[in-house]
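*Asks:* In case you want the letters, here they are:
Protein chains: 4
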Amino acid sequence: MGKILVLYFSESGNTREMANLVAEGAKSVKGSDVRLLSIDKAKPEELLWADGVAMGAPTYEGLLSWQAKKWWDEAVKAAWGKVIGKIGCAFSSSGGWGGGAELTCQSIMTIMINFGFMVFGVPDYTGPQMTLHYGSIAAGKPANEPQRESCRRLGKRLSELVDLRRGNAGK
Amino acid sequence: MGKILVLYFSESGNTREMANLVAEGAKSVKGSDVRLLSIDKAKPEELLWADGVAMGAPTYEGLLSWQAKKWWDEAVKAAWGKVIGKIGCAFSSSGGWGGGAELTCQSIMTIMINFGFMVFGVPDYTGPQMTLHYGSIAAGKPANEPQRESCRRLGKRLSELVDLRRGNAGK
Amino acid sequence: MGKILVLYFSESGNTREMANLVAEGAKSVKGSDVRLLSIDKAKPEELLWADGVAMGAPTYEGLLSWQAKKWWDEAVKAAWGKVIGKIGCAFSSSGGWGGGAELTCQSIMTIMINFGFMVFGVPDYTGPQMTLHYGSIAAGKPANEPQRESCRRLGKRLSELVDLRRGNAGK
Amino acid sequence: MGKILVLYFSESGNTREMANLVAEGAKSVKGSDVRLLSIDKAKPEELLWADGVAMGAPTYEGLLSWQAKKWWDEAVKAAWGKVIGKIGCAFSSSGGWGGGAELTCQSIMTIMINFGFMVFGVPDYTGPQMTLHYGSIAAGKPANEPQRESCRRLGKRLSELVDLRRGNAGK
Numbered sequence: 015m016g017k018i019l020v021l022y023f024s025e026s027g028n029t030r031e032m033a034n035l036v037a038e039g040a041k042s043v044k045g046s047d048v049r050l051l052s053i054d055k056a057k058p059e060e061l062l063w064a065d066g067v068a069m070g071a072p073t074y075e076g077l078l079s080w081q082a083k084k085w086w087d088e089a090v091k092a093a094w095g096k097v098i099g100k101i102g103c104a105f106s107s108s109g110g111w112g113g114g115a116e117l118t119c120q121s122i123m124t125i126m127i128n129f130g131f132m133v134f135g136v137p138d139y140t141g142p143q144m145t146l147h148y149g150s151i152a153a154g155k156p157a158n159e160p161q162r163e164s165c166r167r168l169g170k171r172l173s174e175l176v177d178l179r180r181g182n183a184g185k
Numbered sequence: 015m016g017k018i019l020v021l022y023f024s025e026s027g028n029t030r031e032m033a034n035l036v037a038e039g040a041k042s043v044k045g046s047d048v049r050l051l052s053i054d055k056a057k058p059e060e061l062l063w064a065d066g067v068a069m070g071a072p073t074y075e076g077l078l079s080w081q082a083k084k085w086w087d088e089a090v091k092a093a094w095g096k097v098i099g100k101i102g103c104a105f106s107s108s109g110g111w112g113g114g115a116e117l118t119c120q121s122i123m124t125i126m127i128n129f130g131f132m133v134f135g136v137p138d139y140t141g142p143q144m145t146l147h148y149g150s151i152a153a154g155k156p157a158n159e160p161q162r163e164s165c166r167r168l169g170k171r172l173s174e175l176v177d178l179r180r181g182n183a184g185k
Numbered sequence: 015m016g017k018i019l020v021l022y023f024s025e026s027g028n029t030r031e032m033a034n035l036v037a038e039g040a041k042s043v044k045g046s047d048v049r050l051l052s053i054d055k056a057k058p059e060e061l062l063w064a065d066g067v068a069m070g071a072p073t074y075e076g077l078l079s080w081q082a083k084k085w086w087d088e089a090v091k092a093a094w095g096k097v098i099g100k101i102g103c104a105f106s107s108s109g110g111w112g113g114g115a116e117l118t119c120q121s122i123m124t125i126m127i128n129f130g131f132m133v134f135g136v137p138d139y140t141g142p143q144m145t146l147h148y149g150s151i152a153a154g155k156p157a158n159e160p161q162r163e164s165c166r167r168l169g170k171r172l173s174e175l176v177d178l179r180r181g182n183a184g185k
Numbered sequence: 015m016g017k018i019l020v021l022y023f024s025e026s027g028n029t030r031e032m033a034n035l036v037a038e039g040a041k042s043v044k045g046s047d048v049r050l051l052s053i054d055k056a057k058p059e060e061l062l063w064a065d066g067v068a069m070g071a072p073t074y075e076g077l078l079s080w081q082a083k084k085w086w087d088e089a090v091k092a093a094w095g096k097v098i099g100k101i102g103c104a105f106s107s108s109g110g111w112g113g114g115a116e117l118t119c120q121s122i123m124t125i126m127i128n129f130g131f132m133v134f135g136v137p138d139y140t141g142p143q144m145t146l147h148y149g150s151i152a153a154g155k156p157a158n159e160p161q162r163e164s165c166r167r168l169g170k171r172l173s174e175l176v177d178l179r180r181g182n183a184g185k
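Chains as they are written, first to last, in the working numbering: chain A, 15 to 185; chain B, 15 to 185; chain C, 15 to 185; chain D, 15 to 185.
Just so you know, not all the hints are guaranteed correct.
Given that identical chains are not distinguished, each listed pair holds provided it fits within a single copy or across any two copies.
Stated by the list, open to error - Derived pair list, reagent style BS3-like, types lysine-lysine, alpha-carbon separation capped at 25 angstroms:
#1 96 <-> 155
#2 55 <-> 170
#3 84 <-> 57
#4 84 <-> 55
#5 91 <-> 17
#6 155 <-> 91
#7 84 <-> 44
#8 91 <-> 41
#9 55 <-> 91
#10 155 <-> 84
#11 44 <-> 155
Hints are computed from structural coordinates only; laboratory data are not their basis.
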């Protein structure tokens with residue numbers, strides 16, 4: 015059974031809404047054990063528990079917000095280098111298209127790579143001109159079905175990849 | 015008089031359409047001398063002529079296309095390190111939102127920084143949830159007025175910054 | 015048995031020397047089937063064969079060289095989206111420390127993420143002040159043992175992660 | 015007279031040592047007014063005062079540390095979009111070569127671009143295999159003369175570019 019952590023920081027509620035959808039997608043894979051946690055509630059030790067982690071943060075100047083960065087900086091001692099081979103991915107809400115949400119996903123993946131995670135994006139399109147190649151992004155809240163589906167798809171792929179990694183039957 | 019080079023590679027015509035709009039914006043600043051060139055027609059020496067350069071390329075796997083990269087790789091001997099203090103910016107069309115256009119703008123700016131350019135983006139919003147913080151981006155062709163205006167705004171800002179740099183009267 | 019492709023482009027021979035060491039490290043994991051290929055010899059179909067891919071290219075302006083980019087651009091039709099869950103990593107030689115080799119590894123990982131790969135770096139230090147957090151890097155050729163070991167370590171970790179993913183016995 | 019702000023966060027003292035050298039380089043350009051400030055002492059309003067800003071932070075997981083990110087996040091309201099055409103650059107100390115210092119400089123420049131700055135790196139080599147293409151980097155403290163000179167060179171170039179921008183005599 016794959017253990018999935020969906021971790022987020024949200025001020026306006028937009029990133030939280032994305033996190034809910036990512037968790038919904040992760041749960042859609044049978045047998046997944048999914049925890050959805052704001053960074054206020056999450057301890058660095060959760061990283062050791064999880065097989066797969068999706069992390070969401072609002073886009074502040076093309077990078078994850080400082081509160082989210084602080085979480086990772088403080089997780090260093092507990093988990094750094096102890097997560098080799100775990101799987102990670104990212105999502106972010108920004109003020110507009112072209113506002114840095116892709117770069118923010120890249121910044122979250124940079125942190126995860128540093129810790130020892132394997133990170134991924136999803137080639138699929140979830141509607142006309144809507145994709146999640148480097149993680150799921152939204153301008154404001156995920157407003158329409160293709161954007162909402164891009165969040166679910168990210169979580170679903172995370173659960174699938176965790177399953178694959180564990181060599182589950184049927185793969 | 016600021017000398018502006020709008021340089022692009024385009025296969026589908028989407029990036030060319032963006033380039034036309036960027037050039038239009040650059041020309042809207044009085045006294046600007048604007049050259050619009052496909053990389054097929056542009057020689058590396060054009061970099062030495064220009065005070066400001068906007069470069070556009072389609073997004074292929076989150077980076078500028080190989081043809082556009084080749085242009086810069088071959089420009090190295092002629093222009094590398096001789097463009098200190100010139101000003102640069104980027105634009106890109108991708109298959110969809112979340113498809114890597116921001117990352118492609120970042121890759122073009124990485125090249126420009128390497129050469130010695132100063133690079134910039136534009137904080138302005140050109141419509142609801144449409145901005146060009148790291149350069150102008152489009153999903154497919156620039157389909158509506160905010161997207162088209164984001165291209166013009168990029169070119170206009172480039173001309174303005176070039177003027178500022180030269181210490182023109184009235185600044 | 016994990017199938018590993020070590021893929022490189024090299025002009026000066028520095029990146030080739032790194033590739034040899036990465037392949038050596040990959041082979042050190044029992045049962046690994048390792049192919050070492052210059053992009054001149056490699057077909058995009060090799061991506062479909064491999065479970066894990068390490069890609070090396072010289073740093074040109076903070077990104078992989080155009081020849082290496084062309085290889086991936088042309089591989090798109092054959093392999094794009096068909097490599098979900100395969101594992102990738104990067105290495106690069108640049109002219110000097112601070113010359114863009116980390117950014118080049120990032121650019122190669124950006125391509126791999128786009129294709130559907132999971133990508134990783136290695137937290138380990140291979141000597142005082144020598145690590146490979148985002149892939150293995152060298153200034154010029156890998157000149158001393160910590161730098162050479164960083165290449166081997168990258169290949170070894172790739173083989174280990176491929177094994178882990180396949181759920182091999184003993185893990 | 016160019017107004018230069020050298021801004022830094024430092025825990026171990028390594029980044030502070032770099033900042034001292036950057037400030038020394040900036041002062042070497044005649045007529046420059048240089049302020050050297052830890053982020054503890056610096057108010058966001060300093061961004062409005064300065065014509066040029068060099069920002070240094072330690073590399074934590076391939077990005078600037080959360081304390082440095084917080085400074086920028088909180089500067090948003092006071093200075094965002096009001097710094098158009100100001101000039102910025104970055105420096106960082108990491109645990110080792112390949113440890114993410116280039117990526118950290120990129121992350122600082124991403125913030126600056128977002129605010130409206132023009133950002134740059136320096137093509138020069140300051141010794142064999144030592145450069146500062148994307149800002150000045152060090153493994154630990156700047157230990158030898160080429161590394162120390164790379165910090166000075168960054169500050170000097172910043173002062174020179176600020177002068178150029180203001181159209182000073184002799185340029």
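*Asks:* At 25 angstroms max between alpha carbons, let me know whether residue 84 reaches residue 55 within a copy, between copies, both or neither.
*Replies:* Both, since 14 angstroms and 20 angstroms are each at most 25 angstroms.
*Asks:* Can you tell me if residue 84 and residue 44 fall within 25 angstroms by alpha carbon in one copy, between copies, both or neither?
*Replies:* neither (33 angstroms within a copy, 40 angstroms between copies)
*Asks:* Go through the copies and call it for residue 55 and residue 170: within, between, both or neither, with a Cα cutoff of 25 angstroms.
*Replies:* within (23 angstroms within a copy, 37 angstroms between copies)
*Asks:* Taking 25 angstroms as the upper bound on the Cα-Cα distance, should residue 91 and residue 41 be classified as within, between, both, or neither?
*Replies:* Result: close neither inside a copy nor across copies, 30 angstroms intra and 32 angstroms inter.
*Asks:* Given a CA cutoff of 25 angstroms, do residue 84 and residue 57 count as a within-copy pair, a between-copy pair, both, or neither?
*Replies:* both (12 angstroms within a copy, 21 angstroms between copies)
*Asks:* Quick one: residue 44 to residue 155, C-alpha cut-off 25 angstroms, is that within a copy, between copies, both, or neither?
*Replies:* Neither: 28 angstroms inside a copy, 40 angstroms across copies.
*Asks:* Check residue 55 against residue 91 for me: Cα-Cα at most 25 angstroms, and say if that holds within a copy, between copies, both or neither.
*Replies:* Result: close within a single copy only, 18 angstroms intra versus 28 angstroms inter.
*Asks:* First find the shortest C-alpha distance between residue 91 and residue 17 inside one copy, then the shortest across copies, and answer within, between, both or neither for a cut-off of 25 angstroms.
*Replies:* within (22 angstroms within a copy, 34 angstroms between copies)
*Asks:* With identical chains treated as interchangeable, where does the CA-CA distance between residue 96 and residue 155 reach 25 angstroms or less: within a copy, between copies, both, or neither?
*Replies:* neither (34 angstroms within a copy, 27 angstroms between copies)
*Asks:* Between residue 155 and residue 91, at a C-alpha cutoff of 25 angstroms, which is it: within one copy, between copies, both, or neither?
*Replies:* between (34 angstroms within a copy, 22 angstroms between copies)
*Asks:* When no copy is specified for residue 155 and residue 84, does a C-alpha distance of 25 angstroms or less occur within a copy, between copies, both, or neither?
*Replies:* both (24 angstroms within a copy, 23 angstroms between copies)
Violated hints for the displayed structure, listed by number in ascending order: 1, 7, 8, 11.
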